[in-house]
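Peer 1: Produce the entire structure from the sequences given, and follow the hints as far as they go.
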Amino acid sequence: MDFSEVLQGRRSCRSFSGESVERDLVSSLLNKACWAPSPLNMQGWRFLVIEDAENKKKVRLLGEEAQKAVMAQDGPGWAGKYGFSFLEEAPLLVAVAYNPTKNGLGFFFNQPHGALMAASALIQNFMLAAWEKGLASLWFTFFDPGEMKKALDLPEKWELAGVIPLGRPEGELKAPPRKEAWISWGEW
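Number 100 in this note's numbering belongs to position 100 of the sequence shown; there are no gaps in the numbering.
Think of the hints as simulated: they come from the structure by calculation, not from any bench.
Just so you know, not all the hints are guaranteed correct.
[Claimed, not checked] Lysine-lysine pairs mimicking DSBU-like chemistry, simulated, CA-CA at most 35 Å apart:
no., residue 1, residue 2
1, Lys81, Lys157
2, Lys81, Lys32
3, Lys174, Lys81
4, Lys133, Lys57
5, Lys56, Lys68
6, Lys68, Lys149
7, Lys58, Lys133
8, Lys102, Lys133
9, Lys150, Lys58
10, Lys157, Lys174
11, Lys56, Lys133
12, Lys81, Lys68
13, Lys149, Lys133
14, Lys133, Lys174
15, Lys174, Lys58
16, Lys56, Lys32
17, Lys179, Lys133
Peer 2: Given below as C-alpha cells:
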C-alpha cells in the first residue's frame with residue numbers, strides 16, 4: 001500500500017474478527033506512532049494496552065454511561081446510533097495518555113493544549129500504521145474523562161487522549177462521505 005492508499009483507505013471500525021494481534025506487532029506500531037511531532041520534542045505520551053475482559057468491560061460501561069447522559073439531554077439522535085460491544089470484542093484496547101505539563105512554550109502564551117495536540121498526532125500515526133498492517137481501529141472518546149481515568153487507574157498527572165480498539169476488521173468497512181477541503185489563499 002502506498003501512503004495515499006493508507007491515508008484514504010483507513011476506516012473507523014466497530015466490528016472486529018476476534019483474531020488476536022501479536023504483542024510484538026502492537027509494540028512496533030506504537031513505536032512508529034511515537035514519530036509524531038510534539039512541543040519541543042517533549043514526547044509526553046504513554047500507552048496502556050488493555051487485553052483483559054474486566055477492563056474492556058469497564059471501558060464499554062463508561063461509554064454506555066456517557067451515551068445515556070447525552071441521550072437524556074439531547075434525545076436519542078446521533079448518540080443512540082451506536083452500540084459499544086465492539087470495545088469488548090476487539091482483541092485489545094490502547095489507552096493513549098498524555099502529560100499536560102509537556103506542553104512546550106504553550107503555557108507562556110496561554111495555549112495549554114500542545115500535549116493533547118501531540119497525542120492526537122500520535123493517535124493518527126498509530127491508526128495509519130495499523131491500517132497498513134491490515135488492522136482496523138477507532139478513536140474512542142465517548143466517555144467522561146475523569147471517570148475513565150479512575151477506571152484505568154491512571155496516575156494523577158496523566159490525562160486521556162482516547163482509547164483505541166485494535167484488531168482485524170470483520171467484513172468490509174465502507175468509506176463515509178468526505179467534504180472537499182475548504183481552502184482560502186491569502187485571506188480568510
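Peer 1: For every hint, state whether the structure bears it out.
Peer 2: Results of checking the hints against the structure:
Under the criterion of a C-alpha separation no larger than 35 Å, the hint pairing Lys81 with Lys157 is consistent with the structure, at around 34 Å. A hinted pair counts as satisfied when its Cα atoms are at most 35 Å apart, and Lys81 with Lys32 qualifies at roughly 33 Å. As the CA atoms of Lys174 and Lys81 are separated by approximately 17 Å, the hinted pair is consistent with the 35 Å bound. The straight-line distance between the Cα atoms of Lys133 and Lys57 is roughly 26 Å, inside the 35 Å bound, and the hint therefore holds.
Between Lys56 and Lys68, the direct Cα distance comes to roughly 19 Å. Compliance with the 35 Å bound is thereby established for this hinted pair. About 19 Å separates the Cα atoms of Lys68 and Lys149, which keeps this hinted pair within 35 Å; it holds. Distance hint between Lys58 and Lys133 is fulfilled; the C-alpha atoms sit about 28 Å from each other, no more than 35 Å. About 30 Å separates the Cα atoms of Lys102 and Lys133, which keeps this hinted pair within 35 Å; it holds.
Annotation: proposed proximity of Lys150 to Lys58 holds, straight-line Cα distance about 10 Å (limit 35 Å). A hinted pair counts as satisfied when its Cα atoms are at most 35 Å apart, and Lys157 with Lys174 does not qualify at roughly 38 Å. Simply put, Lys56 and Lys133 have alpha-carbon atoms about 23 Å apart, close enough for the 35 Å limit, and the pair holds. Our distance criterion of 35 Å between C-alpha atoms is met by Lys81 and Lys68, whose separation comes to about 12 Å.
For the proposed pair Lys149 and Lys133, the alpha carbon gap of about 29 Å is at most 35 Å, so the pair holds. About 18 Å separates the Cα atoms of Lys133 and Lys174, which keeps this hinted pair within 35 Å; it holds. For a cut-off of 35 Å, the pair hint linking Lys174 to Lys58 stands: about 29 Å separates their Cα positions. With a C-alpha separation of about 24 Å, the suggested pair Lys56 and Lys32 falls inside the 35 Å cut-off, and the hint holds.
Distance check on the hinted pair: Lys179 and Lys133 sit about 27 Å apart at the alpha-carbon level, within 35 Å; holds.
Hint violations for this structure: number 10 only, all remaining hints satisfied.
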